[in-house]
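K.L.:
Model the full assembly from the supplied sequences, consistent with the hints where possible.
If you're matching them up, the sequences are chains S and Z in order.
Going by my numbering, the first residue of the first sequence is number 1, and it counts up by one from there.
Going by my numbering, the first residue of the second sequence is number 1, and it counts up by one from there.
No lab work stands behind these hints, which were simulated from the structure alone.
Idealized CB from N, CA, C, for every residue including glycine.
Worth double-checking, as some hints may not be accurate.
[To be verified] With the C-beta cut set under 7 Å, the calculated list includes, among others, these residues of chain S facing chain Z:
id: 1; residue: K22
id: 2; residue: G25
id: 3; residue: A87
id: 4; residue: T88
id: 5; residue: V422
id: 6; residue: K423
id: 7; residue: S425
[Claimed, not checked] According to the in silico footprint, chain S covers these stretches of chain Z (three or more CB under 8 Å from chain S):
id: 8; segment: 102–108
id: 9; segment: 112–124
id: 10; segment: 127–136
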Amino acid sequence: MPVALVDCNNFYVSCERLFNPKLEGKPVVVLSNNDGCAVSRSNEVKALGIKMGEPWFKMERIAKQHGIIAFSSNYTLYGDISSRVMATLATFTPRQEIYSIDESFLDLEGFPAHTLQDYGQKIRRTVKRNIGIPVCVGIASTKTLAKLANHCAKKNLAGSEGVCDFGQINESARKALFQSLPVNEVWGIGRKITESLNLLGIETVEQLRTADADFIRTRFSVVVERTVRELNGIACIELEQAGTPRQQILVSRSFGMPVVTLENLNESVTYFATRAAEKLRKDGSVANSVCVFIRTNPFKINEPQYERSIVVPLMQPNDDTAMLIKAALFGLKHIYLPGYQYKKSGVMLMGLQPKGVMQGELFDNMPVTDEKADIRMKAIDAINRKMGRDTIAFAGSGTRRSWTMRRDRMSPNYTTRWDELVKAS
Amino acid sequence: MNKSRTHHNPNRPGRTPGTGPYGENTKVMRIPESVVAHVSEILESCKERTLLAKTRDRVLLPADNPDPASIPLYSHRIPAGFPSPADDYIDQRISLDQHLIPHRESTFFVRAVGNSMIDAGIFDGDLLVVDKSIEPVHGHIVIAVIDGELTVKRLVQQNGETILRPANARFKDIVLKEGQELIVWGVVTSTIKTLV
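P.N.:
Laid out in structure tokens, this is it:
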């Protein structure tokens with residue numbers, strides 16, 4: 001099955017440039033929550049040797065010297081642009097897997113092999129013209145190979161003009177290419193596995209491809225064995241289409257400043273539970289337990305450290321914000337210890353299942369779902385959708401929210417706020 | 001809870017014909033293996049359609065993300081009595097969103113600033129609907145990138161020259177120099193003015 005991986009180039013930076021063409025050709029970096037680390041870098045920034053995840057305070061000097069322009073991450077903007085890119089990509093295939101905010105697999109089964117390179121170009125041109133986001137396309141017979149082909153397209157190691165179809169590369173060229181690629185470029189081969197593989201003398205992609213699959217399975221895992229098979233063109237990883245319900249929903253964030261009191265933690269946990277519940281209802285799911293966690297800042301080694309999480313099971317699977325908040329706060333009260341500088345908290349909804357299915361099992365003595373809560377949550381969702389997030393919110397999530405993220409360098413919400421639209425003179 | 005089904009023929013196992021997921025009689029058939037996936041897909045879509053049709057009979061499905069400017073097509077259901085004579089004539093209410101935005105994914109709103117386009121009816125503060133998927137041609141009003149800034153002007157191509165022309169005599173043409181590439185950000189498809 002020919003499959004394509006389409007990956008947006010330096011996605012967050014590209015989103016910023018889309019509405020601010022002045023940034024074109026300049027070194028631009030987007031920072032993570034609380035303006036901590038580099039999460040998206042323009043090519044100019046990469047050329048300066050700034051690594052992914054590098055903390056901002058470490059690069060501030062170089063940044064000044066080279067005029068690097070830094071942005072706080074504007075997830076509202078990136079999310080909207082991502083949905084536009086994904087919807088556009090969906091027109092190129094009957095089967096699409098949205099892999100991340102900036103990556104999507106497209107099933108190209110049935111397309112004549114010799115036309116795929118051109119088709120990839122067409123995808124690239126269309127996304128660039130219609131949305132304004134540059135993408136690269138990798139095409140191969142398995143998802144793992146498509147990922148690798150995408151890497152080659154992006155680094156211009158094979159293929160041309162941002163599209164690389166492994167199907168168009170002859171065996172000797174492919175071999176030479178794989179011999180030149182370090183094994184950690186392979187999808188799913190992380191730092192630890194890379195170290196172990198290197199100890200076994202497996203350093204290049206070609207060496208991993210020709211490794212004995214059985215040996216790899218016993219030495220590592222079936223997951224790595226599957227990777228070896230995928231490198232050999234045997235598709236083992238299915239395309240996961242949209243609509244595959246999530247297994248869990250996690251909402252967590254680092255605080256802009258350390259949080260000490262239970263009262264402030266309560267606020268944050270209420271807020272996260274509200275967000276998570278919204279996502280849950282959007283998926284049409286219910287959760288059967290709520291996990292809540294808090295932790296201090298592990299980078300501040302001189303401060304006392306504490307980290308704890310707890311899972312609170314629900315009486316019955318639920319999607320009512322009020323119930324989920326109650327469970328989360330109940331859990332928080334149990335794990336909270338005074339005297340620590342908390343840096344992060346989060347809420348995870350677990351044991352998700354489609355709402356309808358649960359209702360089908362109601363015969364087994366289960367209490368009927370709370371219809372009033374249902375109506376209440378629907379109304380709140382509708383109002384918040386129409387009038388903007390948090391028009392109606394649970395009072396417990398606070399109004400001052402002193403713990404919210406620091407985002408000092410954020411760009412306007414060009415596509416989601418009437419008063420922040422891009423201007424043309 | 002032990003309701004037994006009434007079969008049309010007590011000797012024949014299975015459900016009553018026509019009550020399956022497809023809502024009609026079915027037939028056994030051999031198909032080549034290579035097309036199994038394809039046929040299954042078609043069957044799935046048949047199932048969905050049947051399910052949808054069944055559901056529609058009973059309830060009105062609200063849109064996933066209801067479009068505030070339109071009301072979904074519906075038909076009157078009067079359990080008893082005379083059906084509305086207008087029933088057959090009800091059409092989908094027209095939607096400004098659909099009218100102004102044929103390409104949802106590639107359409108962006110841009111706020112006009114300044115007076116350079118007043119003769120084209122574009123005033124300071126107007127809302128411009130901009131479609132990036134349209135290929136710009138001579139005569140279009142476009143959003144172009146000049147010196148890193150977005151500007152709204154009319155695209156004019158004459159005598160081999162590309163010009164961004166303001167619609168206000170007090171402003172000068174922007175003539176692209178030899179080798180200077182024109183970057184069109186998008187094509188303006190409508191202007192929206194708020195009067196009150």
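K.L.:
Enumerate the violated hints, using their earlier numbering and listing them in ascending order.
P.N.:
Of the numbered hints, just 2 does not hold.
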